[in-house]
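So the sequence lines, in the order shown, correspond to chains P and Z.
Taking the working numbering, I'd label the letters of the first sequence as residues 602 to 1240.
Taking the working numbering, I'd label the letters of the second sequence as residues 37 to 236.
These are calculated hints, taken from the structure and not from any lab test.
Do not rely on the hints blindly, as some may be mistaken.
As the list claims (entries may be wrong) - Derived DEER-like restraints, expressed as beta-carbon distance ranges:
(1) P641(P) / A57(Z): 31 to 41 Å
(2) P641(P) / Q64(Z): 23 to 33 Å
(3) P641(P) / K63(Z): 32 to 42 Å
Said to hold, decoys possible - Subject to a maximum C-alpha distance of 27 Å in a straight line, what follows is the list of computed DSSO-like cross-link-like pairs (lysine-lysine):
(4) K212(Z) / K642(P)
(5) K818(P) / K834(P)
(6) K719(P) / K103(Z)
(7) K212(Z) / K1221(P)
(8) K151(Z) / K655(P)
Glycine included, each C-beta is placed from N, C-alpha and C at the ideal position.
Residue strings, one per chain:
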Amino acid sequence: MENVIVERVADFLKQYPPFQDLSLADLHRLATQVRVHYIPKRDFLFKQGDAAHKEFYVVQQGAVGLRSKDVSSSNWIDICDEGDILGLRPLFADQTYAMEAMAREECVLYAIPFEAFKELLLNNKMVMDFLLESFASNTRNPKSSESKGKLLSSNYNSGEEATSELDFFQQAFYTKNPICLSPTKTIQEAAYIMNKHKISSLIIEENKLPIGIVTDKDIRRWVANGSMNNEEKLSIIMSSPVKCVPPHVHLADVQGLLLQHKIGHLCVTKDGSQNSEIIGILSEHDIVTVQANNPIALLKQIERVDQQEDLIRIRESLSSLLQAYLNTGLPMPYVMKVSRLIMQALMHRVIELSEQKLGESPVKFAWLGIGSQGRGEQLLLTDQDHALVFEDVPDEKFEHTQAYFLKLAEEVSRIFNELGYVFCPADMMASNPEYCLSLSQWKQKFSNWIDKPSSKSIMMCNIFFDYAKVYGEDELSKQLSAHIFKKLKGNQRFFAYLGEDAVKNPPPLGFFRQFIIEEDGGHKDEFDVKARAIQPLVEAARVLILSEGIEGKNNTIERFEKLIELEPQNEDIYAGCIKSFHVLSRFRAIEGFQHNSTGRYLELSTLSKSDKMKLKRAFKPIKDIQRLLKNRFQLAYFL
Amino acid sequence: MMRWLDNLFKKKEDYPEFWQAYAAKFKQSDRSRVIVLDCETTGLTPGEDKILSIGAVALHDNVIHVKDHFYVFLNQKLNKPESIAVHGIVKNKPYSLISESDALKQLLKFLSNSKILGHHIQFDIQMINIALATMGLPKLKNQVADTNDLYSKFKGVDQSMHKSLDELCDEFHIPKKDRHTALGDAFLTAQVYQRLVISV
Chain P
602 MENVIVERVA DFLKQYPPFQ DLSLADLHRL ATQVRVHYIP KRDFLFKQGD
652 AAHKEFYVVQ QGAVGLRSKD VSSSNWIDIC DEGDILGLRP LFADQTYAME
702 AMAREECVLY AIPFEAFKEL LLNNKMVMDF LLESFASNTR NPKSSESKGK
752 LLSSNYNSGE EATSELDFFQ QAFYTKNPIC LSPTKTIQEA AYIMNKHKIS
802 SLIIEENKLP IGIVTDKDIR RWVANGSMNN EEKLSIIMSS PVKCVPPHVH
852 LADVQGLLLQ HKIGHLCVTK DGSQNSEIIG ILSEHDIVTV QANNPIALLK
902 QIERVDQQED LIRIRESLSS LLQAYLNTGL PMPYVMKVSR LIMQALMHRV
952 IELSEQKLGE SPVKFAWLGI GSQGRGEQLL LTDQDHALVF EDVPDEKFEH
1002 TQAYFLKLAE EVSRIFNELG YVFCPADMMA SNPEYCLSLS QWKQKFSNWI
1052 DKPSSKSIMM CNIFFDYAKV YGEDELSKQL SAHIFKKLKG NQRFFAYLGE
1102 DAVKNPPPLG FFRQFIIEED GGHKDEFDVK ARAIQPLVEA ARVLILSEGI
1152 EGKNNTIERF EKLIELEPQN EDIYAGCIKS FHVLSRFRAI EGFQHNSTGR
1202 YLELSTLSKS DKMKLKRAFK PIKDIQRLLK NRFQLAYFL
Chain Z
37 MMRWLDNLFK KKEDYPEFWQ AYAAKFKQSD RSRVIVLDCE TTGLTPGEDK
87 ILSIGAVALH DNVIHVKDHF YVFLNQKLNK PESIAVHGIV KNKPYSLISE
137 SDALKQLLKF LSNSKILGHH IQFDIQMINI ALATMGLPKL KNQVADTNDL
187 YSKFKGVDQS MHKSLDELCD EFHIPKKDRH TALGDAFLTA QVYQRLVISV
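Required output: the full structure, derived from the provided sequences and hints.
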């Protein structure tokens, strides 16, 4: 007999992994076993240390927050909403929960008894894999590196958990398939091979196991001893035993071993002992190479270089560094910070070199990065956005002064272009006389934008309000900021306009939780992650922080962090925004590196189901923050 | 009327075995299981109209167990066209139909001694009791509760507030699906019940 309840439950489950992989018959059998729970807002489903339930849960309606006392007392590790699975721990691990689960909204949960599920698991490897992965991601230590190859996982905390040090950790990269020789070969043969392959060491092997190592130094000592007989066997001069390490070893450990044993090479074996197969060799040289590409080394190089080619090379190193970071899944706050610091240093150096070339500036000035450059949120190569402010000069000197700075800006933006930052198509660059102005002129410009809000002036505000000094006089940018904040104070009308603009792009989910995609143009059927998801968060953070009168917070994450400090009652919303921003930025960066593009348009058909779900989940905070904006700025009157 | 009087004086041991088994359950009480029940009928006049289908689903400690459900379609002679329009149950459709007496026999087994809950449940109980009387059986012995009364209590109002199931679903953000099927309505009512009895 047709059972409408089972139908309904099955209809819901089949939209989500892993249930979508089940056969219709299995799905119906499973749906019959489902139990429907209702959890009021702020009630606990289970608490940390509670005895395991005999069932796990799928969120049908509402949202459940997971947090662990061990990690952080107030931050959510993960938030499960429609279609997400939670409470899998009893299936894999010990008999108590490692986290607490609380309803953040009133929830309807479908509970599936483990008993009913076990048989399905045995017959469906895909289902098992999915659950294992979900389980792993729900219990992952937020600090540990994320699983490789997975597009994203957003389980680390909002940023304070990530280490702020630049030497996060570095894995040592070794040379695979090293050249090995048997101990019965002669010293001359060894010297011949080393010379031919330009290598400084050879591993001596027996049955694929390392029994010793011969280096340049060993041969030199042998020559110096004077008892040369070319037919002597390697076993006579090799150093034995050889120090071994496992394949995944941290740079710091390698350095420690080399120093401790006063050696220059390590053999990499399968399990790190001498009794397992050789898989590689690690030399001092490998370590130098790794260090040359670390963020600190890049920053040091930037200070020294003066050739355009070197700047280009560093810019390329940064890209490959960021790409490697994204692939190994380092936390986004760290990746973005590295990118910001290096990019700022690079631009600083370009301007410095250009100024040297042109001769000293006639008056003091400040170079301002605007837009995403000002916010320090770029991971990819984008177009240039900048402006220049110089000290006020007497009228008769103005033309001459501006001419110098325009020339400087032209030179700087030419080099930026060479580095891969193409010219701004809207000409929002310091080389445009409109945006290369004296302090008073800038003040006047901002006053105009603020006093006469229009869609054009709001657009300008959105771009120019996020300026950050890249080079030059702090005092100039500070005076400009002071002027702007004075104009903004209590200016309800302006904030209403800015707020209205910030909610113009609603969360990008249509009816039935479908993605809103581009309907025409060159990106038809693609999803504009920048305009539809990242931009609304950036704009919300800006209008909120400006209306609080907070100066010097330019970065979207920093802005939300400051807002949490100011309005602890809204912590959930702001923390959700931070997390979403990280997730979305990561999507964009990976897309951009993969296709060598701005990463702005995501091709939905290439995303996996679970990536799509993660993406959708990142949209929810957009809805929350826009609701907050509408309330705060009374936007109902405008909309 | 005569039959009802007959029933009144009938001795317990005269009742069929299935009724005795049902009645015996009430020696103990079971507070954890609640049955949410809904009947689709040919109309709204007890004694004249007939039951077309009975749908029910059980809650155990306020959790709806999908597996613990009951759904039957009854083979009735009388069919009024106007109620067909509402419920979409048409005579001679592909459902398998069973006789009223078989349906009630199965229902008693399913109900056991659990409390019965429904929206405007007295009507459904009356319909079932009349059908039981036709078989020469007494009334249902189960405790009965109405979502309407629970809702008034939930709102802190003394007299019953006559809200429709649709209105309650809207108020509690329960998506209305499968309205006007006995089991569909029972499932919706069960979800309303959860929100009324589970409070923070």
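Status of each hint after checking the structure:
Against the hinted window of 31 to 41 Å, the Cβ-Cβ separation of P641(P) and A57(Z) comes to about 39 Å, which satisfies the hint. Restraint check, P641(P) to Q64(Z): a C-beta distance of roughly 31 Å satisfies the suggested window 23 to 33 Å. Taken as a hint, the range 32 to 42 Å holds for the pair P641(P) and K63(Z), whose Cβ atoms sit roughly 36 Å apart. Restraint check: the Cα-Cα separation between K212(Z) and K642(P) comes to about 21 Å, which is no more than 27 Å; the hinted pair holds.
For the proposed pair K818(P) and K834(P), the alpha carbon gap of about 16 Å is at most 27 Å, so the pair holds. Our distance criterion of 27 Å between C-alpha atoms is met by K719(P) and K103(Z), whose separation comes to about 17 Å. At roughly 24 Å between alpha-carbon atoms, K212(Z) and K1221(P) fall within 27 Å of each other, so this suggested pair holds. For the suggested pair K151(Z) and K655(P), the alpha carbons sit about 26 Å apart, so the restraint of at most 27 Å is met.
Figure legend: structure checked against the earlier numbered hints; every hint is met.
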